[in-house]
Amino acid sequence: MFVQLTFAGGVTWHTCLDADGVVAWLTMDGAVASRSEQRSHTRTLILKAALHQFSACGFAGASAKTIAAEAGVAHGTVFWHFDSKSRLYEEVIRYVGQHVAAAMRGHTGGTPPLAGVLKAWLDFLHEDPDVTGLLTGIGGDAKDPALNGHPERLLSKTLVDSWHTTLTSLESAGWMPPLDKRALARLIVATSYGALVIGRDTTLDEVLGPLTQIDSANGLAMSGAALD
133 MFVQLTFAGG VTWHTCLDAD GVVAWLTMDG AVASRSEQRS HTRTLILKAA
183 LHQFSACGFA GASAKTIAAE AGVAHGTVFW HFDSKSRLYE EVIRYVGQHV
233 AAAMRGHTGG TPPLAGVLKA WLDFLHEDPD VTGLLTGIGG DAKDPALNGH
283 PERLLSKTLV DSWHTTLTSL ESAGWMPPLD KRALARLIVA TSYGALVIGR
333 DTTLDEVLGP LTQIDSANGL AMSGAALD
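All residue numbers for the sequence shown refer to our numbering, where the first residue is 133 and numbers rise by one.
Accuracy of the hints is not assured; some may be wrong.
Derived pair list, reagent style EDC-like, types lysine to aspartate or glutamate, alpha-carbon separation capped at 20 Å [as the list claims (entries may be wrong)]:
hint: 1; residue 1: Lys251; residue 2: Asp262
hint: 2; residue 1: Lys217; residue 2: Glu202
hint: 3; residue 1: Lys180; residue 2: Glu202
hint: 4; residue 1: Lys313; residue 2: Asp293
hint: 5; residue 1: Lys217; residue 2: Asp262
hint: 6; residue 1: Lys197; residue 2: Asp215
hint: 7; residue 1: Lys180; residue 2: Glu223
hint: 8; residue 1: Lys197; residue 2: Glu169
hint: 9; residue 1: Lys289; residue 2: Asp312
hint: 10; residue 1: Lys313; residue 2: Glu303
hint: 11; residue 1: Lys197; residue 2: Glu259
hint: 12; residue 1: Lys180; residue 2: Glu303
hint: 13; residue 1: Lys197; residue 2: Glu223
hint: 14; residue 1: Lys251; residue 2: Asp293
hint: 15; residue 1: Lys197; residue 2: Glu303
hint: 16; residue 1: Lys180; residue 2: Asp312
hint: 17; residue 1: Lys217; residue 2: Asp276
hint: 18; residue 1: Lys289; residue 2: Glu202
hint: 19; residue 1: Lys180; residue 2: Glu169
hint: 20; residue 1: Lys289; residue 2: Glu222
Bear in mind the hints are in silico, worked out from the structure with no lab data behind them.
None of the values given here were measured: they were computed from a predicted structure.
The whole structure should be built from the sequences, with the hints applied where relevant.
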C-alpha cells in the first residue's frame, strides 16, 4: 500500500506498508529513506493518531488497534515504538509540549513580545481541537489505575517548563521585569486550563488578556477586577 504524505517544510514522502506491517519510506525520487528517518516518520504518525484517539475517546476508550489503523501501521508496530499504551500516552504529552514550545518560539512580530507569545499560545489551543481535548480530558484519564495520575503531573510540568523557558528568554532580552517566572508560568497554564474546562462562555483571551500588560516598564499591571 502506497501513501503520499507532506511534512513540515513541504517535504513530500511516499510510504509503503509491507506484508509484515513495517513502514518503508521513499523520497520523491524513489530512494529509500534511512532507517532512522523511517523510524522518526513512523513514530510521528503514531503520535498524531494517538493524540487524536486519546482526545476523542480518552485513555480507556482508545485502543492500540484503532491508533494503528489511523496511523496506517500494523498493530505490533505501535508496541515496537512504545512498549505500552500508558507509555504512548506519556509520549503524546511530550509531543504536545514540543509543539507548544515551537509555537511560542515561532510567534510573529508586530506586538510586544509577551503579547505575541500569549497570542501564539491561544492560537495553538484554538486551532488544534485534539490538544484541547487532551487538556480537558486528562483529569479523568489520570484517575485510570494504569496511569496513576502521572500524565496529569507530566502535562503540567511539560507546559510549565515550556513557559518558564520562554519567560526567561523574554526577561533576558529586557522585555520583562524580574518576576517569579515559574509562578507566572504556572498561572498561565492554570488559567488556560481553567478557561478550557469552564467552557464556551469564558474565552482564553478574556482570562489571559491582562497578562499582556506585563512589560519592562510597569511589571505586572493586573488588578483584581481584571480577573473577575
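ask   = Which of the numbered hints are not met once you compare them with the structure shown?
value = Numbers 8, 11, 12, 15, 16 and 18, in rising order.
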